[in-house]
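Q: Go ahead and model the full structure; you've got the sequences and the hints to work with.
Chains as they are written, first to last, in my numbering: chain P, 1 to 563; chain L, 1 to 317.
Everything labelled a hint here was simulated from the structure, so no lab data went into it.
Note that the structure is predicted; figures quoted are calculated from it, not measured.
Which chain P residues stay away from chain L? Per the calculated CB distances, all over 10 Å, these:
{"id": "1", "residue": "Glu50"}
{"id": "2", "residue": "Ile79"}
{"id": "3", "residue": "Pro126"}
{"id": "4", "residue": "Leu152"}
{"id": "5", "residue": "Pro195"}
{"id": "6", "residue": "Ala327"}
{"id": "7", "residue": "Lys331"}
{"id": "8", "residue": "His338"}
{"id": "9", "residue": "Val478"}
Beta-carbon label-pair distances, calculated as ranges:
{"id": "10", "chain 1": "L", "residue 1": "Arg22", "chain 2": "P", "residue 2": "Met477", "range": "49 to 59 Å"}
{"id": "11", "chain 1": "P", "residue 1": "Trp179", "chain 2": "L", "residue 2": "Gly169", "range": "20 to 30 Å"}
{"id": "12", "chain 1": "L", "residue 1": "Arg22", "chain 2": "P", "residue 2": "Tyr283", "range": "19 to 29 Å"}
C-beta: ideal position from N, C-alpha, C; glycine also.
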Amino acid sequence: MSDSASQSAGASGASPTGASPAGGMRSGGGGERQVLSAFPPLDIPAIIRELAFTTLIASALVFPLLTLRTVDSVEGLYIESRWMVSFMAVALVVAGRLGLILLRYGKMIYAAVGGVVAILAAFFLPVPSLFEVILVAGGAILALRALVDLFLVVRQISPSARAEFRDRGGVWVRRVLPWAAGLAVVFAIVLPFMPFSSRYLIDVGVLILTYVLLGWGLNIIVGYAGLLDLGYVAFYAVGAYSYALLAYYFDFSFWICLPLAGLLSASFGLLLGFPVLRLRGDYFAIVTLGFGEIIRLILINWFRFTNGPDGISSIPRPSFFGIAEFARKPKSDLPSFHETFGLAFSSEHRLIFLYYLVLVLAALVAAFTLRVRNLPLGRAWEALREDDVASASLGISRTSIKLAAFGISATWGGIAGSFFATRQGFISPESFTFIESAIILSIVVLGGMGSLTGIACAAVLLIGLPEVFRELVEYRMVTFGGGLVLIMIWRPRGLLSFREPSIRLLDRRGRLRFAVAGRGVGESLCAGATGGATGDTTSGATSDTTSGATSEATSGTTGGVGR
Amino acid sequence: MSEAVPSLSAPPLLKVEHLSMRFGGLLAVDDVSFHAQDGEITAIIGPNGAGKTTVFNCLTGFYRPTSGRCALRHRDGSEVLLERYESYQISRRGRVARTFQNVRLFPRMTVLENLLVAQHKMLMRASWWTVGGIFNLPGYRRASAYAVERACHYLELVELLPRADDEAGELPYGAQRRLEIARAICADPVLLCLDEPAAGLNPSESNELRELLRKLREDEKIGILLIEHDMSVVMGISDHIVVLDHGSKIAEGVPQAVAANPRVIAAYLGEEESDEEATGNGASGGAKGNGASNGATSGGATGSGASNEATDKGVES
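A: Here it is as C-alpha cells:
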C-alpha cells in the first residue's frame with residue numbers, strides 16, 4: 001500500500017514537467033507562467049461588465065432588505081432610510097467579486113493584498129459589527145485562497161498533482177485523526193484546570209458536550225441505521241421531564257433518575273418504533289417530526305402534571321455521587337462539598353463537576369457506540385442502511401434491528417435530557433422545539449454520518465461558533481447558517497465522510513489481524529496483499545492463534561479514540 | 001410433467017407443487033411444479049417475463065404465493081414449507097440463500113463485512129444479542145474468529161481474499177457477482193438460489209463462474225437453483241432444467257432433452273403454431289400477452305416484458 005503510494009507520488013512529481021511545454025508556449029514568459037496557462041488573459045471590458053452586473057444585483061437585493069427600515073417610535077411608525085449601510089453592503093459585495101475575479105485571472109498577489117486590506121479595514125474603519133465579521137472572514141478566505149493558488153503556481157503543481165495531493169491529504173488526515181482525537185480528549189479533560197479557562201468557557205464546554213452527546217445518540221439512527229429522524233428532541237424532552245417529574249413527585253435523586261430517564265426514553269422510542277418502522281424515507285421523517293411535536297404539545301397541555309408552558313423550576317442539582325452537595329449551605333442532610341474536601345467555597349465546583357459528568361457520559365456513549373459498531377448488531381444496522389432487501393435475504397429482521405437502533409438512540413437522548421434538566425435547574429416545553437431537532441440533525445449530517453469525530457467537530461463549530469460571536473446578538477444565527485452553507489459547499493458529505501471498516505483482516509502494516517488457521521488462507525492472502533515475506537507473516541499468524549481475539553479487542557479500543 | 005421426478009434414490013431436496021402467483025389480473029406463475037435434488041444444479045430458464053424471478057421470490061419469502069406449496073427437506077430429514085416464512089426468516093428457518101438479478105451488495109461495507117453480515121444469526125446468538133458482545137465474552141470471541149475464518153474460506157473459493165478489506169462497491173462487476181455468491185453461501189443454506197449469476201459477465205468471467213458453481217456443487221453438497229439466460233452456462237453445468245414460458249412450465253428434463261424439445265425452441269425462437277400462442281395467452285389471462293408474444297421473435301434476450309418489470313419493482317419496494 002505504502003509502496004504504491006510512493007510510486008504514484010513519484011509519477012505525479014514527474015508529470016508537471018511533462019505537461020509544461022503547453023504552458024511554455026505563452027509569451028508572458030518566466031517559469032511562473034508555465035502552469036499559468038490555466039488563467040485566461042486579462043479582459044478589462046468583461047471584468048467591468050461583470051462588476052456592473054454584480055452591483056446591479058447587489059443593489060436590487062440590498063435596497064428592500066437593508067435600506068428601508070420601519071422604526072416604531074412615540075410619534076408612530078416612520079420609515080428610516082439607511083443609505084450609508086446599503087452603500088457599504090453593495091461595496092462589500094463588489095469588492096468580494098473583484099477579489100474572485102483577480103483570483104480567476106491569476107492576480108494572486110493583488111487578491112492577497114486586497115484580503116489583508118479588508119481585514120485591516122474591519123479594525124480601523126467605523127463599520128457595523130456584522131460588516132466587520134464579513135470583512136474579516138471574507139478577507140481571510142480571499143487571502144488564503146490567493147496564497148494557496150500562488151503556492152501551487154510557484155511550485156508548478158498541475159491540477160492532477162493537486163488531486164493527488166488532496167488524496168494524500170485525505171490519507172494523512174485518516175492517519176492523524178486518531179491522534180488528533182486523542183489530543184482533543186486530553187484537552188477536554190484538562191480544560192477546567194488550564195490557566196485560561198474561565199467560568200464562561202467551561203459553560204460553553206458543557207453546552208457543546210451536551211450537543212456532542214445528542215449528536216452521537218442520534219447518529220445511531222441517522223448515521224448507522226440510515227433513518228431520517230426529525231423528532232429526536234422528543235426523546236431529549238422525555239429524558240428531561242422524566243428527571244424533573246420524578247424528582248418533583250417522588251424526590252428521587254439525580255443518580256437514580258439518570259438510568260430511569262434513559263429507560264423511559266427507550267420505552268418511548270420502542271413505542272414510536274413499532275408503528276413507524278414500516279415506513280420509509282420521507283414518510284418516516286414526517287412521522288418522527290410529528291412525534292416530536294406531539295410530545296411537546298402534551299407537555300404544554302397536560303397542565304396538572306407537567307405544569308404546562310410554565311415549566312418546572314427548582315429541579316434539584318446533582319449531588320457529588322450522593323456524598324456531598326455543591327451548595328454553600330446544603331438543604332439536605334448531606335455535607336457540603338467544599339467542607340468535605342477542605343476547599344474554599346466556589347460556585348465553579350458544581351460547574352466543573354457538571355462538565356466532567358457530561359464528559360463521562362459522552363465517553364460512555366462513544367465507547368458503547370464504537371463497540372456495538374463492531375458487533376453483529378452494528379453491522380446489521382449498516383447493512384440495512386445499505387440495502388434492506390439483501391439484508392432480509394440474509395436473515396436480518398428489519399423490525400427488530402431498527403427497533404434496537406431506536407431504543408438505544410432514545411436512551412442516549414433521554415440521558416442527555418436529564419443532564420440538561422439538572423444543569424438548567426429549569427425546563428419548559430420551549431426548550432424542546434423543532435429547531436433543536438434540526439440543530440442536532442445538522443450536527444450529525446455536517447459531521448459526516450457515522451463518524452464520531454466528525455460529529456464532535458461539527459458540534460464545536462455549530463454550537464461553539466455562535467457562542468463566540470454572541471456579541472453580534474441578532475446576527476449570531478447568521479454565523480450558524482454561514483457555517484452550514486460553507487460545510488455543505490466544501491464537504492458535501494460531511495466534515496469527515498470516510499467510513500472506517502468495523503473489522504479488518506490486515507492491519508495497516510499488512511499483517512494478519514485474525515488467526516486464520518489452515519487451508520493456506522494466510523499464505524494466499526499475504527501473497528496477494530503484501531507480496532513477499534509470506535512465510536514470516538503466516539508463522540506470525542499461527543503463533544497468534546490465541547491472541548487473535550485480544551488483538552481485535554485492543555484494536556477496538558484504539559479505534560475508539562480514533563473515531 | 002411426465003418426467004418430473006427422477007425417482008432414483010433420495011427424496012428430492014425441494015418440492016414445488018402447483019405454485020401460482022397472481023398480481024391483480026396478472027397470473028405471473030401458473031401452476032408450476034418441479035423438484036430439485038440435493039447436490040445438483042437445477043436451472044430455470046425461459047424467455048423474459050416467463051415468471052422465473054417470481055418463482056424465486058416465492059421461494060425466498062419476498063412474495064407469498066397465491067396457491068401451491070414449496071417444501072424443502074433439511075439435512076435432518078425434517079421438511080419446511082417455505083411459503084410460510086417472512087423474507088428474513090427464510091435464511092435461518094428455511095435455510096435458503098439467494099442472490100439477486102441486479103447485484104445487491106452492501107457497497108460501502110468491506111468485502112469481509114459483507115460476509116460477516118451473512119453470518120448475522122450465528123454471531124447474534126453468540127453475542128447474546130449484543131449483551132455479551134459488548135463485554136467481549138469468550139464465547140463471542142470464538143464465534144467471531146470462526147466467522148472470519150469461514151468468510152476467508154469462501155473468499156478464497158471465489159478468489160477475493162486479497163481484497164477482503166476493500167469496499168464491496170469498489171470491486172469490478174464480475175467480482176461483485178462472485179462476492180454475492182460467496183455471501184449467500186456464508187449464510188449456510190441447504191438450497192442456494194442464484195438469479196442470473198452470469199448476467200453482464202464477459203465470456204471468460206462466465207467460464208470462471210461455471211467452474212465456481214461446479215466446485216460449489218461438489219464441495220458444499222448443497223442444491224443449487226439457477227435462473228440463467230446464458231445458454232453456455234446453463235447447458236454446461238445443469239443437471240436438470242425447468243423451462244417456463246408465460247408463467248407455466250413447458251418442459252423439464254436433462255439439458256440435452258430440453259434443448260431438443262420443440263416447445264422450448266418455439267418459446268425461445270418465436271412460434272408459428274397458433275395453438276401454442278392461444279394456450280399461452282389463455283393461461284396468462286391475456287393481460288401480458290404483448291410482452292412475450294412481441295418479444296418472442298427476438299428471443300428472450302432483449303425485450304423487458306411487463307411482468308418482469310413488475311416483479312423487479314415488487315422486490316425493490
